[in-house]
Amino acid sequence: MHVIIIGAGEVGSNIAESLSASHEVVVVDIDGDRVESLTYSLDVLAVEGDGTTMEILHNAGIEEADLFIASTDSDEANIVACATAKAIGDPFTIARVRKTEFLQTWEHAPHAFGVDFMVSTDLLTAQEIVRIARLPTAQDVDAFADGAIHMAQFAVPEDSPLADLTVSEADRFEALTFAAILRDDEVTIPRGDTRIEADDQIVVIGIPERVREFAASLEPENGGDRATDVLVVGGGSIGYQAARLFEGRNLTPRLIEQDPDRARTLAEDLPGTIVMESDATDVEFLTREHVEDVDLVVAALDSDEKNLLVSLLARRLGASRTVAVVEHADYVDLFETVGVDVGVNPREVTAEEITRFTREGETENVAIVASDRAEVLEIEIDDTSTLAGRSIREAAAELPAGIVVGALTRDGEYVTPRGDTVVEPGDHAVVFVDTSIVDEVVGKL
Amino acid sequence: MTLRVDWRASASMIGTVLKYLALALVIPVVVAIRYGESTLPFLVTAAVAVAIGLALERLETDPDIEVREGFLVVAITWLAVSLVGAIPYLIAGWGTVSTLANPINALFESMSGFTTTGATVMGEISTEQHSHALLMWRQESQWLGGMGIVVLAVAILPKLSVGGAQLMDAEAPGPGIEKLTPRIAETARALWKAYAGITILEMLLLYGLHLAGMAPEMTLFNAVAHGFTTMATGGFSPEARSIEAFAAVVQWAIIPFMMAAGTNFALFWHVLNGEYREPFGDPEFRFYVGLLGALSAIGAGLLFVDGGLASATTAAAATHYAGVGSDVIAHTFPIAGDVEAALRHATFQVVSIVTTTGYASMDFNAWSGPAQYVIVIAMFVGGSAGSTGGAIKIVRWLIIAKSIRRELFTTVHPEAVRPIRLAGRPLDDRAIRGIYVFTLLYFVLFLLGTLVLAVDAAFGGTELSTLEAMTACAATLGNIGPGLAGVGPMNHYLGFDPASKLTMIGLMWIGRLEILPVLVLLSRSYWRS
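Chains as they are written, first to last, in the working numbering: chain L, 4 to 448; chain U, 147 to 675.
These are calculated hints, taken from the structure and not from any lab test.
Wrong hints could be hidden among the right ones.
[Stated by the list, open to error] Partial chain U-side listing against chain L, Cβ under 7 angstroms, derived:
#, residue
1, Val563
2, Pro565
3, Pro572
4, Asp574
[Unchecked claim] Residues from chain L that keep clear of chain U, each with C-beta distances beyond 10 angstroms, as calculated:
#, residue
5, Asp34
6, Ser40
7, Ser44
8, Asp53
9, Met57
10, Ile59
11, Ala80
12, Gly92
13, Phe120
14, Asn253
15, Glu260
16, Ala266
17, Ser281
18, Ala404
19, Val444
20, Val445
Everything numeric in this text was worked out from a predicted model, so none of it was measured.
Quick reminder that beta carbons are idealized off the backbone N, C-alpha and C, glycines included.
For reference, chain U alone in the conformation it holds in the complex (with noise of 0.2 angstroms):
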């Protein structure tokens, strides 16, 4: 029996992938040298990216990618580029006591950083514990991530006809060509400009709130870190307190950028030729639009009138499971009554958790317990086809939500025949079947992880919440970064057992890669016939 997958120039292709991975080290390095701090971790990783990638590569001179290599090239990548991106947590954490020296831990925070979720295991977010080019590299790991999902979902999701990019197929730019190589290059240049120019306008702007003196905290720093991982929908922050550290300006000025994050990158494209009303007409993009309204409404209405502080219980769950080295609620105050804060909170959460970046404005432990309910339906929702946000996407919901009315129409005509129109254009049922084998997937990899948590648990010792371990895993499997109680904006994932870690490495992995391409390379058949 003989491999039908030319695994060999799988591996080149990655090889490639890690050899450029070299390049993006020179941010961190930069960094180090303008603080005074060591180089040394970025230097080896650097040298080990080189050598692994050239070594890869001479397994193959001249790859040729079908769409079986494609799959392989997709999954392994974001696996090898997190297992070279974790060696700068392990060099610089060894020897002190930084949680990153345990290589899970490592791992866990560079699967984080690269599938842009945003879930630590750091137990201490701080400059004093760890460098400014290490925080960097944190920051920066989910700025390259939301760049590979960009070129995925965009350019290579529709070639291996996965995930909900099909249905964007007609809308990316660029011929369709069987081999992936050329529409990649000619297709990612225009997407990459669109995410690198939005990137940049934010960090000038966050960086020019600090020089009008509106924001104190938000130095060059900080301005460049979180520019890294708003438009990649990542959520890490070299801030504790994530962006309950900023001034209350900073935090309306970066809701729309997490709304443009979540937003399908052809549109910008189409805004950029010229096209300024191809957004207005997209159905997913309004979709996406009125469900963050209605969401916000919803959630500034119930904090209004009751989300203040946090009751007694909240409180003291939320103290009980900051875990440690992670600040306890530093500062609540009071939301009901008050209008902006209200309406602020309510609009950073939803958008954020919707288009899961997973920053946060605040501990929303501390919110009452049906403004926390909006938190987890938003848990569920995800960015739009063609962005970096991840979970189930808008697109599947809209479609979902359009053949539920077919159904309903079909059972009183049953041999009425409604193609399901996106745009008008009519969808081919065989997509449609894939976002109902999809989001069924998702939701049993949902109840199965949690299932995982929970046993390994019970069987540790450790003190976890069903709602605990169902959050935890809808917001890795989402790729959101935090969920509720122990796992809150706040706290962080260390207490759990290297077993649940690794689940939710993988759960990570999994959900970034939309599911399909990593479950088809454990299939049989994909291998052999």
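Next up, chain L with everything else stripped away, as it sits in the complex (with noise of 0.2 angstroms):
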């Protein structure tokens, strides 16, 4: 597949990073120093120029690209980069865009701007925090096959019941699996008698109930509660749009926001949020706002080091969980060492999204899992496909290693993927995949 990129910051390095080993990946970017760096770090042709003008996405090779996305940090040149493109050629397009107004025209006229698939890198960000806020001790959820089955990773904190016990003395639990456990940058998959310890993550995939089941049983006090009093810090775009989600769940989040004409934009905005106007560094303000009752402190304020503070400080007074918006992908492991519970990076979740899309038509869904170590793919089975037919016992040894079937549906319907468990074409697998054999496991499923 021919592959032009637009732009070469974090995102756009990231996607073409992970598309340059299958695919022929061309990045186009209007800074000379970082297009030179890219040629020598990534097996990429890389273009200087702007790839708004016809002339430099003729060099790019317009004409033969099955795929081109638009991923520079402005919103208008994506989306003129994608109109052009379309103009003169026929790639699928995505254009990566921070405001949601664009995303709202785009969703209520799809293709306009000739843009086929818009990914709102903020709202994608609030998404994700809201979908952590409904398992808070979880580092992160995904669904598949439309929400009846939940991916989840959790780290199993040191006076949990389960450390210390095996795989299947903790998994007392039907229609759920334990895919993974990564422990010190090692995907396991695990076996009946791997041992869990303390700090280790664990990634499961089932029914949604099940999953929250899992998380109570990890830590009793807790973990199967969702999160109901909710502190947003932060009334960027990204804070903005997790506000508005807490308030579709029918929960009265409270915005916290230092601008006094911003606080009065959100407060206007959001009629079901308590917007306050203050410095969410100030001990005494959260001290008084009782933060050590809160369920979920989100820090979503627009710098790394800010929403850090934030969050050890929050958690410091005694707030449950804390999820923090985290710009560096670098600063994730690290956020998450020092005590903050989720790290959310917006590159990466608008990457999993974007990576969703290239591999239009191969699987259903993606999920990122481990900083890009594993993925969880959701894959229709057709007749050509290994599992067709056959028991998973059977399948997995013409498969490499490092795959796990996490769950089956069929009809909409889950079904317990056991190893004498025949899967028929049109059934939904949702399985776990080490990141280095995905492409090998995507052709032959």
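Join these two chains into a complex; the hints should help.
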């Protein structure tokens, strides 16, 4: 597949990196230095120039392009680039935007601006935060098969009843699969005798109620509860969207914004939110607002440092869980190490969404797990699939190691995937796959 | 130093209004011909109106009305129309026993008419002393005043950014245009249709009750006369005993029309456009209906328990202040224990006073103290914004209530930012500040006005109780009409000294125009910078 990516920023480079192994990738960027560094670091063709002009797009080979991704920092440039690409070629176009207003227009009139798929970084990030709020102790939650199946990643706390048990001892749940254990950057596919240790990350796949029960058994105190008392810090686009989505779930979130004018605008736009004009690092204020009773603190300020500070402060004052928006993907692990419960990287979320579309036709849905060390894929089984018409145990022999069939759905109903379960064409399989074998697996399924 | 207000343009505009006032005199002329009475007072007035109108129009052939000129037009129009409208009272009263032969009385009556107040200085309201035509002119002046108020509230005040009307800006139909004229023409036509339509409907219904034999007193003359003053929330009646003169069924029939008159006319515009659910979604309308219901229920309960005959003292007081030529309490009957009568009189009186109409189904001077106090509270409520009702107005109370709730919340959470919403729409804090200022000014004017009346009465040797001074002030500033005791619904304002009458003429004028458009004319910055 011939892929053109406009904008070699973090998202653009990340996508280029993940696609370069199996596709022909051309990256266009207006910054000469970036183009040069990319040429040496990745196996891609890097072109210097303005991706909204016909001349540069011709140089990048727009006529043969199958996929066109506009991922610069300017919403308008991305939209114009897609429109230009559509005017002179016929690729599938993806535009990344920050502002949700463009997304609203596009959703109102699909394929508006010549954009076939539009991803709003801020909205995706907010949606991710709200998903986490539904299962506050999870590091990551993703829905598959129209919500019938959830994948969730949990950290095992020191005092968890499940620590030091083996998987077969811990797995008392029907309709739930232990897909992987992540320990010290290692992805382990668990077997019955694998021992669970504190600080491990466990990836489970199953129906939502079982996932919630698992969360409760992992942390009996509050693991199974939904976050109802939510405090969002930072009234930027992500904070606004998150508050709006919480309102949609009939919660009354509190939103803290320091700028008086912005606070007023937010208060006008969010009738179901209590907007407060204050500095969220003011301990006295946080104490007065009883931050110790808050189920979930969302730090969505415009800098990683402030988010870290707010999260740690809220945690110190007694908030149950904290989620921080982390702009630099490299810091996510660091944040989670020093005590932020979940770090959400908008670019990772966006890359996840765009990757879904690069697999158009092959997979139904994708989630990236553990900083891109593994992926969870939803695949509709067709006649040519290795799994079709065979039991999982039979098929496993022909598939590489590092794959787990986490769940199956047949006509929208959950089917427990056991070794002797026969997979039928038309079933949806949710599989956990090590990143190194994703392309191989996708070809066989 | 030059004036920054184009007063010539304003004068020209006022001239145009006066010119058209002559057209309105057709109705009393027709009535005079029908009853074989003198048409002279009205023909002379028409001639004066046209002459002054044309003269003013010549000051500026192409008036350019901007915001500043708008204030001047609004304030002076009511004054000018009242002055010209007083001429028929003077001419007709000349050389007779009529109290209206006095120029101050004539102006009081005329201002009370055009501001839809309904406070009277007629010593005797009867067709023996006054011609049918003159009484009809008195009724019609209120209808014309109400018509002006509709335009004022819905089309002009929002542009001048004063009054509760600005909150209704988005509700009012038509695009926002900086110049006043296109907006008036467009919006006013739709609202006048509703105003005139409901007025005619009421006239037909009232006369229909007469034809059906259910209301012998409600002749065609009376049906038209009361139709004119209900939708205007005026309250003048050619009957000395107001609505008490009519059968219970008429009193019931008038209640919904008074309620309609106190409703934001923009809602009628929506309903006429097929948006039937609009009124029920409107927070002011809901608050309005709820408040009327609550006050009526309280009033009815009080009357049912102890509201019947007046205690000896109030009856005596009422008789004492009955004044020249006015009927003393003609017939009181026990209400206590009579569910229908208690409900009817309480509802009628609450609706009449809240909407600032000022009709009376009985002399509420005869009510028990607590029931009378319900009337006093009702005097400060007022109609809806965009209606012909006066006083403080429902929407202001609604917003004050909401901002008190916000204040309580922000006391606990000082950092909370809470815009006040009306029907989900956030309100600008400047608009809310305007409401506080208005309400405060209203009470200041009420207290100062009361003081002036009390001092003047003391110097003039007139007997005036505090209750009378206060309710007279509230009734004129709120354009209600009747107060309590000596200025009660069956009494009149004749007993006041000229200075007090002029004060109340001013209160009616300033209250009708939502205070600020008049006060702004007194500020230096309005004229100079």
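Taking the hints in turn, this is what the structure says about them:
1. Val563: holds (4 angstroms)
2. Pro565: holds (5 angstroms)
3. Pro572: holds (4 angstroms)
4. Asp574: violated (10 angstroms)
5. Asp34: holds (40 angstroms)
6. Ser40: With a cut-off of 10 angstroms, Ser40(L) remains clear of chain U, as the shortest Cβ separation is near 45 angstroms.
7. Ser44: holds (47 angstroms)
8. Asp53: holds (41 angstroms)
9. Met57: Its Cβ never comes within 10 angstroms of chain U, the nearest being 42 angstroms, so this holds.
10. Ile59: At about 45 angstroms from chain U, Ile59(L) clears the 10 angstroms cut-off, so the statement holds.
11. Ala80: Non-interface label on Ala80(L) holds, nearest chain U Cβ at 34 angstroms vs cutoff 10 angstroms.
12. Gly92: For Gly92(L), whose nearest Cβ neighbour in chain U is about 44 angstroms away, the distance exceeds 10 angstroms, so it holds.
13. Phe120: holds (33 angstroms)
14. Asn253: holds (17 angstroms)
15. Glu260: Non-interface label fails for Glu260(L): nearest chain U Cβ at 8 angstroms, not farther than 10 angstroms.
16. Ala266: violated (4 angstroms)
17. Ser281: violated (4 angstroms)
18. Ala404: About 55 angstroms separates Ala404(L) from the closest Cβ of chain U, which puts it past 10 angstroms; holds.
19. Val444: Holds, since 51 angstroms exceeds 10 angstroms.
20. Val445: holds (49 angstroms)
Of the hints listed earlier, those the structure fails to meet are numbers 4, 15, 16, 17, in rising order.
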